[in-house]
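S.K.: Taking the hints into account, I'd like the entire structure generated from these sequences.
Protein chains in written order, with our numbering: chain A, 1 to 649; chain H, 1 to 100.
Quick caveat, the hints were computed from the structure, so don't treat them as lab data. Cβ atoms here follow ideal geometry from the backbone N, Cα and C, with glycine treated the same way. Among these hints, one or two may not hold up.
What the hints assert, rightly or not - Under 10 Å between C-beta atoms, here's a sample of chain H residues computed to sit facing chain A:
| no. | residue |
| --- | --- |
| 1 | L4 |
| 2 | L22 |
| 3 | L98 |
| 4 | R99 |
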Amino acid sequence: MYSDYAYLIVGLPILAFVLTIFLGWHLPKGGGFITVLATIGALILSVGIFKEIFPTDTIVHQSAHWFANFNVGILIDPLAIVMLLMVSFVCTMIHIFALGYMDGDPGLARYFAEAGLFTAAMLGLVFSDNLLQLFIFWELVGVCSYLLIGFWYRKPCAASAAKKAFLVTRVGDIMFLAGMILLYTNMAKLGLPEGTYLLQFQTIYENLVHLPSGQMTAIALLIFGGAVGKSGQFPLHVWLPDAMEGPTTVSAMIHAATMVTAGVYLVARMFPLFYAAPNALMVVAYIGGFTAFFAATMGLVMFDIKRVLAYSTISQLGYMMLSLGAGAAVGAAAVGVGIFHLVGHSFFKALLFLCAGSVIHAVDTNDMREMGGVLRSMKWTGLTMLAGALALVGFPLTTGFYSKDEILVAAFENGLYGLGWLPYAFGAVTVLLTAVYSFRLWFTTFDGEPRTDYGKHESPWVMVGPLVILAICALFMGYPTQDTFYDYVGNNFDHYGVDFDELAVVGGHHIEHEAAHEPFIIKILPIILCVGGILIAALFYSRWKKLDPGIVTSKNDPLRKIVLRRYYQHEIYTGWLAEKVVYGLALVSNVFDLKIVDGAVNKISKLTVGLGGNVRRVQTGVIQNYITAIVLGLTVLLVVVKLGMEVAI
Amino acid sequence: MVPLVLYVLLASTMFVVGLYGLMTQRNGIKLMMCVEILLNSANINLVAFSAHLPNVDGQVFALFSIALAAAEAGVGFAILILLYRLYGTIELDNINALRW
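M.R.: Structure, rendered in structure tokens:
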């Protein structure tokens with residue numbers, strides 16, 4: 001019964017968007033409660049649909065003809081329903097938090113309107129039943145991200161960060177679009193019956209085995225390119241740390257919990273395609289592992305509390321990609337593992353960002369060096385952030401522990417099957433780094449003595465409430481749900497009759513799925529690394545400080561310099577790529593435009609003007625000349641007519 | 001009875017005289033006079049042929065033509081008077097404000 005109203009999952013937030021953008025100025029709190037209520041409505045609908053389809057193990061699929069070979073539709077399968085639940089739940093929490101956090105901002109109505117539009121677009125992205133519709137919502141969340149990063153558009157850095165986010169993700173989006181077109185042309189060549197919707201997921205899944213193998217690798221890599229842009233994977237991750245210029249709630253909602261996971265969701269959604277193209281899957285694993293490691297090293301040295309979390313997000317997204325990439329070894333179970341980490345991550349990362357927001361709200365600075373000892377005035381925020389940090393580092397029994405463990409096991413099996421040990425090595429080292437930077441953040445912020453005279457007060461209950469709820473999820477959601485979750489989401493593709501054995505033949509996998517048996521050390525290693533990391537952070541940064549960071553690095557340490565300058569990405573991307581390569585290309589195009597395109601047009605107009613200039617001399621303005629011409633003409637005409645008549649006779 | 005050919009000769013002569021005037025003169029009033037001569041040569045033709053074939057249509061037509069010529073002369077001279085006020089001359093060569 002709920003599934004009949006599935007369209008309202010997107011409809012309600014859209015309605016909230018329309019109401020707040022037109023009427024929000026006249027309502028108390030910018031009409032924020034409308035957006036909150038609409039998101040709660042979407043949450044209730046999602047829960048209702050989940051209760052309908054979970055026990056019966058069915059899916060909801062509604063579709064309507066759009067044009068030509070395209071349809072619009074709603075597809076709610078296990079993969080989509082868990083995303084729907086996660087997005088609507090986390091967005092509800094964040095919108096409630098924003099009621100307190102954004103209070104008093106002159107653009108409040110605009111904030112809630114854009115947040116409502118974003119919620120709608122994200123939910124729509126998740127339940128799309130074809131690639132084209134998904135792409136439309138994909139672009140829509142990109143626009144909302146742009147608008148919300150640049151929410152304080154009078155700040156030049158916010159405006160330029162918004163532009164950067166938009167342009168960098170655009171590089172990925174173009175690849176996604178190209179992949180989609182390539183997929184479409186290949187599907188069109190199969191000669192499916194007239195009226196088949198070629199980009200519908202079901203059609204794609206069913207016909208994968210008929211597609212040429214080389215084409216599939218290209219399509220998978222192009223689609224992964226889109227995911228790289230959206231999910232901030234190396235080398236297109238540069239926009240995500242800058243996106244922290246937006247309000248903290250935006251960072252929590254868009255750049256931690258929901259939108260950046262869209263890329264992971266896309267790869268998970270197209271997993272059968274990737275499975276049939278093992279080379280692409282290997283690229284996914286390597287990029288994911290490398291990103292996890294690479295971003296974590298930068299998270300170690302940042303002083304801006306939000307930037308540490310931003311790098312942590314990139315790093316965790318790398319983990320998700322890594323787990324999907326390990327699907328070559330573990331099959332569709334990889335989707336269950338990756339999505340479990342995605343959902344757990346959205347809880348604890350949204351929590352961490354909201355805690356950071358709560359701290360920033362009170363302390364009024366982003367710089368951790370100016371904080372210290374905040375726990376004394378902000379007990380709730382500090383403790384919930386501790387919960388978030390524990391979940392993030394994968395402390396035993398928290399949500400993050402289960403998912404991270406499974407990812408590392410999958411990566412280990414990936415190595416076992418001769419697909420490279422590097423992703424596993426990256427993943428394992430990152431566990432240590434994650435623990436160090438998370439607790440460096442926690443200790444420098446909440447522990448020790450206050451280093452400046454900041455505002456000391458706890459945030460209002462409307463902000464603390466969501467923190468507590470999210471903290472409970474971050475700590476305790478993992479254990480009771482994990483096995484059911486892996487089964488439920490991991491078997492997502494059974495609903496479409498995807499035969500992974502058949503796809504393995506297409507992809508050239510030679511893997512016995514039962515042979516996997518990892519040594520005990522693999523199971524225990526993450527725990528050792530994470531506890532060790534926490535201890536290291538405690539030694540360096542907490543009140544029981546025994547060691548000074550100076551003993552590891554010095555001011556002139558080249559490694560420290562490189563990491564602090566973020567591996568010179570800015571210099572490479574902006575200084576070299578943008579200003580040399582792209583600018584050079586632009587100059588060449590400019591010359592082409594001026595000389596050849598404009599040149600041709602100008603030549604034509606010059607010719608016309610010149611011709612006209614010559615011809616106008618006939619118009620002397622002297623009547624006598626005209627008369628002479630007329631008489632002469634008449635005479636000639638008469639002679640011709642006369643001669644003509646004589647010839648005729 | 002004057003033969004028809006003489007009328008036609010007279011009309012042709014007048015036509016050529018008018019045309020010659022139009023082509024050589026610069027003075028606005030002279031041009032108007034030349035136009036009148038042209039018009040009247042046509043009128044003579046009309047009346048001559050009307051008398052030759054017993055048919056009054058041509059004479060009616062000539063009457064209309066004379067009335068029109070009067071109107072045309074009225075408008076034409078009014079324009080010339082205004083031009084004279086504006087430029088102090090009716091030498092049409094000098095009136096070339098709209099020329100390229």
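S.K.: Run every hint past the structure and note whether it holds.
M.R.: How the hints compare with the structure:
1. L4: Nearest chain A Cβ about 21 Å off; hint violated.
2. L22: 5 Å, holds
3. L98: 8 Å, holds
4. R99: Result: holds, 4 Å to nearest chain A Cβ.
When the structure is compared with the earlier hints, a violation turns up for hint 1 alone.
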